[in-house]
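Enquirer: So you can see what is in the structure, the chains are spelled out below.
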Amino acid sequence: MPDIFYAKTEQEVSDFIFDNYNKSNPIEIVGNGSKRIGRIVQSSQTLSLNSMSGILEYFPEELYIKVLPGTSLQEIEATLKQKNQFFGFEPNDLGYLYNAQSNPGTIGGVVSCNLSGPGRFKNGALRDHVLGFKAVNGSGAKVKSGGTVVKNVTGYDLSKIISGAYGTLCAITEINLKVSPLPEFEETFLISGIDYIQAIDVFRKALDSSLEISGACFFPETNASFLTLNDVKKDTSVLGLRVQGPKASVVERIQGLNKMFKDKSVSMLDTYQTAIFWREIKNFEGYSNSEEFVCKISLPITNMINFIKHFEKTNFKYFLDWGGNVAWCLLENQNDLDKMRIFCLKHDGHLTVLRANDNFRKSEEFLTNSDSNLKILSKKLKESFDPKRILNPNKMYAGI
Amino acid sequence: MPLKLPEADRNVIKDKSNIVHDLSKITKNIIHADEEIKPYETDGLSVYRQKPIAVVLPETTDQVSQILKYCHRRKIKVVPRGAGTGLSGGSIPLADCILMGMGKFNKILETDFDNRCVVAQPCVANLAITQAVQHRDFYYAPDPSSQLACSIGGNVAENSGGVHSLKYGTTTNNLMGVEMVLMDGTVLKFGGKHLDSEGYDLLGLITGSEGLLGVVTEVTVRILKKPESVRAVLIGFNSIEDSGNCVADIIAKGIVPAGMEIMDKPLIIATDNYAKAGYPRDVEALLIVELDGTTSEVDTLIEKVLGIAKMNKASYNRASNSDEERLRFWKGRKAAFTACGVLAPDYICMDGSIPRKKLADVLSYISKLSKKYKLDVANCFHAGDGNLHPLIMFDSNDPVEMKKAEDFGADILKYCVKVGGVLSGEHGIGVEKRELMCEMFNDNDIQQQLNIKNAFDTENLLNPGKVFPILHRCAEGGRMHIHKGKDKFPNLPRF
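Note that the protein sequences, when read in sequence, are chains A and B. No gaps in the numbering here: position 351 of the first sequence is 351 in our numbering, and each next residue is one more. No gaps in the numbering here: position 8 of the second sequence is 1008 in our numbering, and each next residue is one more.
It should be emphasised that the hints constitute simulated quantities derived from the structure, not laboratory data. Fair warning: there could be bad hints in the mix.
[To be verified] With a cut-off of at most 27 Å between alpha-carbon atoms, the simulated BS3-like pairs for lysine-lysine come out as follows:
#1 Lys375/A with Lys362/A
#2 Lys379/A with Lys1189/B
#3 Lys1226/B with Lys259/A
#4 Lys1414/B with Lys66/A
[As the list claims (entries may be wrong)] Computed footprint of chain B on chain A, listed as stretches where at least three residues anywhere in the stretch have a Cβ under 8 Å from a Cβ of chain B:
#5 53 to 61
#6 180 to 193
#7 206 to 217
#8 261 to 267
[Said to hold, decoys possible] Counterexamples of contact, computed for chain A against chain B with all Cβ distances above 10 Å:
#9 Ile4
#10 Lys23
#11 Ser43
#12 Ser44
#13 Gly95
#14 Ser116
#15 Asp157
#16 Gln198
#17 Glu252
#18 Arg279
#19 Asn289
#20 Lys317
#21 Gln334
#22 Lys362
The C-beta atom is built at its ideal place from N, Cα and C for all residues, glycine as well.
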């Protein structure tokens, strides 16, 4: 087991990385280890940012919060809630995937994985909410980019590139995130007993309207048991549309949905169950208690229909989210996973493995193998931050 | 006006005829006669002018790739250019460069309603995208005030915003994919019609990179359905402070308007004279708030906003009751730059972003500077997202006044940074603000950015002399790792 160094300050992070840079020692950067995404890192050193915790600035009227990387997501979300605010990207709690219980992890880990919840298609991804940061790169230099304002073209937008970089470019030491006002009210409109082709059509109609849908998911009959709520039928498919905003507007828009889908089997979820419904989806709670692969399939909506059709006879479970732009899949067989990956590559999309066993994580790629020129550029980009490739080496791709 | 640019390679300039000959084998669209090059010697920052050795106007991605590959091999600098409306001098040529005009990439390739996106070539005008989809009540959200002319590729380069970016984001939040050619001719695709890039977010990195990392040859943007109802309200205040407080209170109450704009008195008068927008002329600050959503939602929000305005001592208010009236409210604001053109022979438009609560502070500082420099200034402010556009008026025929205007602008931006803001919200750094980068960044920060530039463009041939300071180094901050006295990237100009 490598020694774990718990840095308390940016300077300590810098000194630690500089020292290991000089010795060419690989370092694994960790928060509280809540996410087991990515390839397993072989390293002699571990840098934990868990002790760098705390909210440095929070100005609700300026719509941003500045935090240290080891701050727990739970603490931040609770603080935002006190001021009726939240993160529009709805961060996932991946604890359910790996340990069948809540463990939202640290904000540094959340940013490094760039995962977003059900509102992503309307509110943007995590990366759209990172306004600025401070970090230490792979040679130990302290660097910063961005700021606390939403409009900013002052130098390259490095906030984007560190989001979803899985700690392979730098160790984040401070993060500024955009926050949004919590919707005053929300309701969930359900349609049951439809197939995936009809579901995509419902998404299209609802999202092409002015009804400002902020959640759009579909569970086929084969995966209806994912949802545990008593009010959701378990023996048939279910499609959910979330409507948020001022109460009068939500009521009005639900009426609009009723009118639009009057020929379907529709119902309303109890208002108090709406939050639970979308939380279960956001946190993949229905995929806990299993060792199977969980993967994210991102495709253009029109190709999603072909994807499901193509794999109709394959043994896997899925649900659609983001209005049909993403499928979150559960499957056992790696051959099927490989076939799905190839399909995504050919159809303008990609597959990311969120959960896999250690054998897979040691030897296989968890990201879709992109084209060779992109790989070359990715490697150069990695080296522009981390010239000796000591930060989380091979975590994203073998050799990067 | 002399502008310091990277040292010109005399051999390249001397070899012009051979270079033109070689490039003409790749594209017939090549301009090299002095008088024909003239329109390309500057962009929206027209105080600086420089002729390139030639202008190429490729028509296909393959031609772009071949031209870049050739220039890379011959170590010839290349400056990309879209519509040439940029305000920070990002596409001003160098004496020894090939200017790559993307003007012939002007077609919309696909309007894909099923995937709610448009695929366009980079020199399609911003507004043309909305025009291509509005028959089905869709639109493209970022709307810079130059949207009639500015190109979507240029928007990607500068991460352009507009008046609606508080709610709908800037280019980076609405861009789904690009095709791009690197300086060595490599053609790459980032993103596409799906959501989320996989691997490093190169799409996010190149947005706002000011044409330094690659030449964009195709753009995919998401389109949105028009809201059911849109209304705007004009609110007048007797002090700038009150208008700023009103904006902060609107946000604090959890309202996210589609747009919030403040104009100060000089601009209210100028724009009203110019556009006959019907603005109140006896107020010190005018706030335009636009709200969108369902009809009842918008009506409720308008009432809430008017209530908040009243608590902040608003002296005037008027809500639009028709789309014509709403557009009239905007007509003045959108004509702000043109209206200032009537007030003085020249103006420069600054572009700092600041925390909203600092608005009154920054505006009072600008007013002091206006007295100090004896130059008039008018201010408009994307109040929702903190983006300030002071318009400094001067006469460029008077070199002393021009220098004063530049110093005035620099002082404003330095103050923006001092109060927690940034140098540029949406116009980019270009050549205009490059020497001010040290106000925000130290040597380490800049070096990291230069390292990234190096990853994309090893020889520093694509649009050099922009964004990064070239006259001096930034203050040392933290540790620099230079081995045996050698820079890691000796080819890069180090300020």
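Enquirer: Now look at each hint and say whether the structure bears it out.
Expert: Evaluated hints:
For the suggested pair Lys375/A and Lys362/A, the alpha carbons sit about 19 Å apart, so the restraint of at most 27 Å is met. Taken as a hint, the Lys379/A and Lys1189/B pair is honoured in the structure, with Cα atoms around 16 Å apart against an allowance of 27 Å. As the CA atoms of Lys1226/B and Lys259/A are separated by approximately 19 Å, the hinted pair is consistent with the 27 Å bound. For the given pair, Lys1414/B sits about 22 Å from Lys66/A by alpha-carbon distance, which is consistent with the 27 Å threshold.
Check result for the segment 53 to 61 of chain A against chain B: holds, 3 residues qualifying (beta carbon to beta carbon below 8 Å, three or more required). Evaluation of the coverage hint for the segment 180 to 193 of chain A: fulfilled, as 4 residues show C-beta separations to chain B shorter than 8 Å, against a requirement of three. Using a Cβ-Cβ cut-off of 8 Å, 6 residues of the segment 206 to 217 of chain A lie near chain B, which meets the minimum of three, so the contact claim holds. With a cut-off of 8 Å between beta carbons, the segment 261 to 267 of chain A has 0 residues touching chain B; three or more are needed, and the interface restraint is violated.
Distance check for Ile4/A against chain B: the nearest CB is about 23 Å away, which clears 10 Å, and the non-interface claim stands. Consistency note on Lys23/A: stated as away from chain B, and its beta-carbon is indeed over 10 Å from all of that chain's, at 14 Å minimum. Every Cβ of chain B is farther than 10 Å from the Cβ of Ser43/A; the closest lies at roughly 20 Å, confirming the non-interface assignment. Every Cβ of chain B is farther than 10 Å from the Cβ of Ser44/A; the closest lies at roughly 21 Å, confirming the non-interface assignment.
With a closest Cβ-Cβ approach of about 22 Å to chain B, Gly95/A is found to remain outside the 10 Å limit, as its non-interface label requires. Separation of Ser116/A from chain B is inadequate, the least Cβ-Cβ distance of about 8 Å not exceeding the 10 Å criterion. With a minimum CB-CB distance of about 5 Å to chain B, Asp157/A fails to clear the 10 Å threshold, and the non-interface call is violated. With 10 Å as the threshold on Cβ separation, the claim that Gln198/A sits away from chain B holds: the shortest Cβ distance comes to roughly 15 Å.
A beta-carbon of chain B comes within 10 Å of the beta-carbon of Glu252/A; the shortest separation is about 5 Å. For Arg279/A, the non-interface assignment is confirmed: its Cβ lies about 21 Å from the closest Cβ of chain B, beyond the 10 Å cut-off. For Asn289/A, the non-interface assignment is confirmed: its Cβ lies about 27 Å from the closest Cβ of chain B, beyond the 10 Å cut-off. No Cβ of chain B approaches the Cβ of Lys317/A within 10 Å, the least distance being about 21 Å, so the stated non-interface status holds.
Residue placement check: Gln334/A keeps its beta carbon more than 10 Å from all beta carbons of chain B (closest about 19 Å). With a closest Cβ-Cβ approach of about 20 Å to chain B, Lys362/A is found to remain outside the 10 Å limit, as its non-interface label requires.
In the structure shown, a violation is registered for the earlier hints numbered 8, 14, 15, 17, in ascending order.
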